[in-house]
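K.L.:
Here is what each chain is made of, one letter per residue.
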Amino acid sequence: MRLITAGILVLLATSTCALGTEASKYPPPDLGPDYVQPPGHMPEITHEIMPIVDIAILAVALVLASYLALKQRSRKGIWILGVVSLIYFGFYRQGCVCPIGAIQSIAEAIFNPAAVISLVVILFFVLPLIFTLMFGRTFCGSVCPLGAIQEVVLVHPVRLPGILRHALGLLPCVYLALAVLFAATGSAYVICRYDPFIALFRMNGPAGMLILGACFIVISMFVGRPYCRFLCPYGLLLSWASKLSWTRVTITPNECVKCRLCENACPYDAISKPNTKTLPENRKRGVIGLLGMMLLAPLVIGASAWIMVKTAPTLAKMHPTVRLSQRVEREDSKEVSDTTDASQAFRESGRPVEDLHATAAEIRENMTKGSLIAGLFIGLVIALRLIALSTRRTRQDYQADRALCVACGRCFEFCPVDPRNKKPTDGGLA
Amino acid sequence: MSATNNKTAQWRLASIMTMAVAGAFILFVVIVMARAWKANITSNPTDHPRIEKLRDDLAADSGSEKIITELRNEDLALRKEFFRTWKILSNGVWLLLGGACVLAASLTIAISTSKKTPMPIGKSKGPNDMLAGLLGRVGIALAAIALTGAALTIPILTREVSTRAQAKGIWPGFRGGPEASGISPYTDVPISFDGITGQNIAWKVRVPLNGQSSPAIWDNSVFITGANKQTRKVYCFDALSGRITWDKSITAGPGSTKVPEGVMEDDTTYAAPTPIIDVENNRIFVMFANGDVACLDTFGKIIWQKHLGTPDNFYGHAASPVLWKKNLIIQLDQGEPDDKLSALIGLNADNGEELWRTTRPVGSSWPTPIIAPVESGDQLITCANPFAISYDPATGKEIWRVDCLDGDGGPSPIYAAGLVFAVNVSSKIAAIDPSGKGDVTKTHVKWEFDEDLPDTCSPLSDGKLLWMMAEGEFSCMDVATGKRLWNKNFESSFYASPVLVGDRIYLINRKGKVYVISAGRELEELGKADLGEACDASPAFAEGRMYIRGKKHLYCIEEQNK
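Protein chains in written order, with the working numbering: chain Z, 1 to 430; chain X, 1 to 562.
Be a bit skeptical, because a hint or two may be false.
Said to hold, decoys possible - Pairs of lysine to any residue, SDA-like flavour, derived with a Cα cap of 25 Å: (1) 310/Z / 299/Z; (2) 80/X / 36/Z; (3) 7/X / 418/Z; (4) 301/X / 341/Z; (5) 258/X / 336/X.
Just so you know, the hints here were simulated from the structure itself, not pulled from any lab data.
Same shape as in the complex, but just chain Z (with noise of 0.2 Å):
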């Protein structure tokens, strides 16, 4: 039954997008030679209250799913929450702002000085991380219109071997370094060009994000939320937040009795078993692990570093004024004999060719720079995870992990040890 509900949900993305494109190529009427089309204006910027009223809502939202995920360890109720928000961060407001957009809003005002951030960005991008620096990812259980969406259509959880894990958690790391990459040097906005769940939330879209948004909600429907584990460069920051977190959601609320009832509850893989059966291991073999890792660590970092330069030029074709730049020069080369909407708009200009070339070979330098400390900083990402992968801790109880609990409440119900379970384990939601 979960099936039909989220192949309603593709069939749904399928026409919301399938709507945007047809719409978007109607011909307007043709009103014969005589007819003077009038012209187009901007409408005037005015002072909306909903921006206001989103902050207050994601403030409380914030402060009731920390209330209900710590204090009143109801699955129930974030389930609830989740739900709400979905309907009003995604489909009400279409998804926008959204914290893990910001992200590219605040590099862009910290790389540009003309670039203007409201101060509604900022909270939004703030307030989830001051929240998960107190309470943990409290904001990806039941807050986050994403989180909430993959959580209703999974249907049938499938375990993914470490391995894959490992190899695609890091990719989070890769799409937040392009991401801040591109929105510093003015590039493009790809976090909010590629999300996959917008064409659904605004009933429109092009046909390219209808097909990611429809093949995410298959994935959902047996990897739990793939796209906050697997790349939601926001929950990325929010997983290292969430490590410092002064509390944060635990399996149980008193000591735990390793019955073993929450072992599989977790389809996000975010419980770790107790290890003291298995502990010490070869002492001598893990130190050596552990040192190789910490020698490789600046080999790591420096190859990210130079891999990164050397994919700067394509990087930079991100940005439109290096396509344009090199459309023109491909146009005046006769490597093409016709033209784009952008260089027929830039050739109608007068503006000269070679002050186009000109900013563009900045765009470049400046993408090249970027570049490089994006791959300092994917390398060393790689580089710590290496190492932690290397160290060992002692873990008595089973234990929700710091960075990956998102705070879900799956597990709560399988505790015998909670008061709130006392009663038989035949109800609650799945």
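Got chain Z sorted already, so can you dock chain X onto it with the hints?
P.N.:
Okay, now just chain X, sitting in the frame of chain Z:
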């Protein structure tokens, strides 16, 4: 316990029933949306059959208020239908979403009421952190390798590949350019094709505005013109896809809006002159029946445009402009000979300024002048009743003239085997030695022939043989002697001039039937093809391709089974 179980069972039953209702509702919405979708996609007025038919009717009966009103009503009805069905679709999406939410909620309740407590069996072995760490490191290494591969491969994959090599060809103007010989340097074009079945048709696109101008080709671009009483446009088609890359309206001045009298809209049309391309400077020159001349770059930007005055031509101006070095030469023959309105005009190709103007002793004419590469220097050859006249293309000064033509001349002259061939239906074909000066009627005409003469199609010659198409009667002559070798009646009317493609001659009649014959001293029919629609324009050629402008569509013909 029993009460709890009963309550749970009731919830489960209620949720299953809700699911069934929600499912049925969703199915109903999907069916309604599918029907609306079908209606929505067929209500596009740009290519709707009813609109197309009305457009054709309007073209046949220009200015009919009844058809215009009908067309507008039909257009409005289609638009209403589109937005009605679009509204159904957009509302349907919300209903679908609502249904999905109800289904999801009832499903969740159904699942939660049938959930069982997990029961772990056996002893837990505990995690193997050492192995997990190793697998994690391997996973990260694999991801790093994959990302590195992607980072190094993407620049190669995204490298822009020039399409220039894919559609080579230069056919700069009417019958292939300033010499207008009608001989194609590209011979790898199919003999058989069918515009209806699509056999060997690479693409076929509708040309928005009517015109008799032939295509001109420069690499990946195909240029043609189209016009009606009010609008004049230059179209650039992408040679590979047929997509219109750009179009540009030409209005060269206040006089442009004056509609020339006498233009036969369905015959000569308002856009009969073929564009000419300056391949060295990437310029396209166009002319229309209202006297507008324009120069554009290959991106569609107008470099200059000029109104030469509304031609007083009783079928409509048809002569294509000719380019010689930096001179754009217009043969603007009009009125009667006594009116002294006809002139040969030399314009500066860079800016449109008039360089020279030579009054011509002729009335209205329609042939396109040609550049003849005579040994003593290039000559511009013109034909109009009653003279074939040669001019110096640099100054417009007359070199020689022959009084050999009569009637309303359509065929352009050709230059082959050192001779100029001038012809018209009511007179004769004359083989003229272009080495003379002054009136050479009696001294430099090598031979004449006065049977089966063309009224529209230009002659064709490979230097040894000469072919003419006269109202369906196709004849072959010996260039040296002027003797007719053979003739064949195709029993149909022809406007498109014959073209020589290797050892084959392509003939296209006004119905679009194509006859391919051997270019030999004996007649041999090699094949037939069918464009599928009427055609009056002469074909153009590129590497492996032939472009034909039909009455409504532009065709790209290419062997599909290479």
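K.L.:
Against each hint, give a clear statement of whether it holds in the structure.
P.N.:
Outcome of the hint check:
1. 310/Z / 299/Z: It holds: about 16 Å lies between the C-alpha atoms, which stays within 25 Å.
2. 80/X / 36/Z: 22 Å, holds
3. 7/X / 418/Z: This hinted pair holds, its Cα atoms lying about 24 Å apart.
4. 301/X / 341/Z: Judged against 25 Å, a Cα distance of about 12 Å means the pair holds.
5. 258/X / 336/X: The hint holds at about 21 Å.
Violated hints for the displayed structure: none, as all numbered hints are satisfied.
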